[in-house]
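Visitor: In order, the protein sequence lines correspond to chains L and R.
If you read the first sequence in the numbering used here, its first letter stands for residue 1, the second for the next number, and so on.
If you read the second sequence in the numbering used here, its first letter stands for residue 1, the second for the next number, and so on.
Calculated directly from the structure, the hints in this document are not laboratory data.
It should be emphasised that the depicted structure is a prediction, and the values quoted were computed from it without experimental measurement.
Careful, some of the hints might be misleading.
Because identical chains cannot be distinguished in the list, a pair is counted as satisfied if it fits within a single copy or across any two copies.
[As the list claims (entries may be wrong)] 30 Å max Cα-Cα, derived DSS-like pairs, lysine-lysine:
| no. | residue 1 | residue 2 |
| --- | --- | --- |
| 1 | K139 | K3 |
| 2 | K158 | K127 |
| 3 | K74 | K127 |
| 4 | K139 | K188 |
| 5 | K2 | K127 |
| 6 | K8 | K139 |
| 7 | K64 | K180 |
| 8 | K188 | K127 |
| 9 | K74 | K188 |
| 10 | K180 | K139 |
2 protein chains.
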Amino acid sequence: MKKSLGPKTLVYPTPVFVVGTYDQQGAPNMMTVSWGGVCCSSPPCVAVSLREATYSYGNLVSRKAFTVNIPSQKYFKEADYMGMVSGRDENKCEALSLTVVNSTVVDAPYIQEFPVVLECQVIQTIKIGGHTQFIGEIKDVKIEDSCLGPEGFPDVEKVAPFMFSPGDRHYYAVRQCLGKAFEVGRGK
Amino acid sequence: MKKSLGPKTLVYPTPVFVVGTYDQQGAPNMMTVSWGGVCCSSPPCVAVSLREATYSYGNLVSRKAFTVNIPSQKYFKEADYMGMVSGRDENKCEALSLTVVNSTVVDAPYIQEFPVVLECQVIQTIKIGGHTQFIGEIKDVKIEDSCLGPEGFPDVEKVAPFMFSPGDRHYYAVRQCLGKAFEVGRGK
Chain L
1 MKKSLGPKTL VYPTPVFVVG TYDQQGAPNM MTVSWGGVCC SSPPCVAVSL REATYSYGNL
61 VSRKAFTVNI PSQKYFKEAD YMGMVSGRDE NKCEALSLTV VNSTVVDAPY IQEFPVVLEC
121 QVIQTIKIGG HTQFIGEIKD VKIEDSCLGP EGFPDVEKVA PFMFSPGDRH YYAVRQCLGK
181 AFEVGRGK
Chain R
1 MKKSLGPKTL VYPTPVFVVG TYDQQGAPNM MTVSWGGVCC SSPPCVAVSL REATYSYGNL
61 VSRKAFTVNI PSQKYFKEAD YMGMVSGRDE NKCEALSLTV VNSTVVDAPY IQEFPVVLEC
121 QVIQTIKIGG HTQFIGEIKD VKIEDSCLGP EGFPDVEKVA PFMFSPGDRH YYAVRQCLGK
181 AFEVGRGK
């Protein structure tokens, strides 16, 4: 029996993306968001949504570039921190002893310690409501070579991503392969 | 050491959403997508991206409504099937013995057996490239009452969602709580 919970953003899984930008003085900022996802294959694009009040919003509008840093599970506390503290108040990477790398592909910084980073150029900005969506064309993906699988793609168990659960607001680990897509459903 | 993989949609986690629509004759269709995510809190909105060639694309353009059905892990084969077969060729829910329910909130059908469903009205349509993004305002969320947690929100371990891994194209289970968001990062 289904129960109505009203109009809420109760979606599972939502990702944990740490969005890297430069401010107008060139200082790096990192902000954790869970409102986002892939939105196009060709060109490859990922979208992130931010409120105008955030420090990263202004950075995105002026720099038109960002990175999406995917934290592994061992960095879930750092990711949580970067979703609570504003870049107006401090340099979060310094506070967390994380290493900032200047992307040579887009005008944005990324985090060395996180296993996967997407380097993105903003190609569309869409005002929705309280959030504005930035669509970034993925110009490159970089991965720690220790997290590569045998076919040259990220190995999910090594990347060890995690999800955010809206509603109860907890983080959950991604674990255990269920099966191969575009294959397990054959013959159903 | 990071290795460059080029411009690809290698994002972790991406969700497994089964998008429900009616065609012009009123027949229900379900299509699995992983390009999408929450894009706004107020109003609550979720985005899904589809290629114009899909049957669901035409349904979304004409009906301007859809549901997002979140399958639990035990339905991962059914979800995979619904990402491979076109609604032009068959009624996928009939083929899979899944029960279609007509939403009374929006002009779209949903799947009774899946634990969570979002009922959405299209408020913006954005052409990106090969994919078009449909932004749906979430008018209601319905959940199986057996999947509710003590605070009245979905219990992730009972909903048992799973993710799609681009690149190696496998499904992975979401398991094991890591900690509470907006809390574990304090004092880092």
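Visitor: Which numbered hints are broken by the structure, listed smallest first?
Guide: 2, 3, 4, 5, 7, 8
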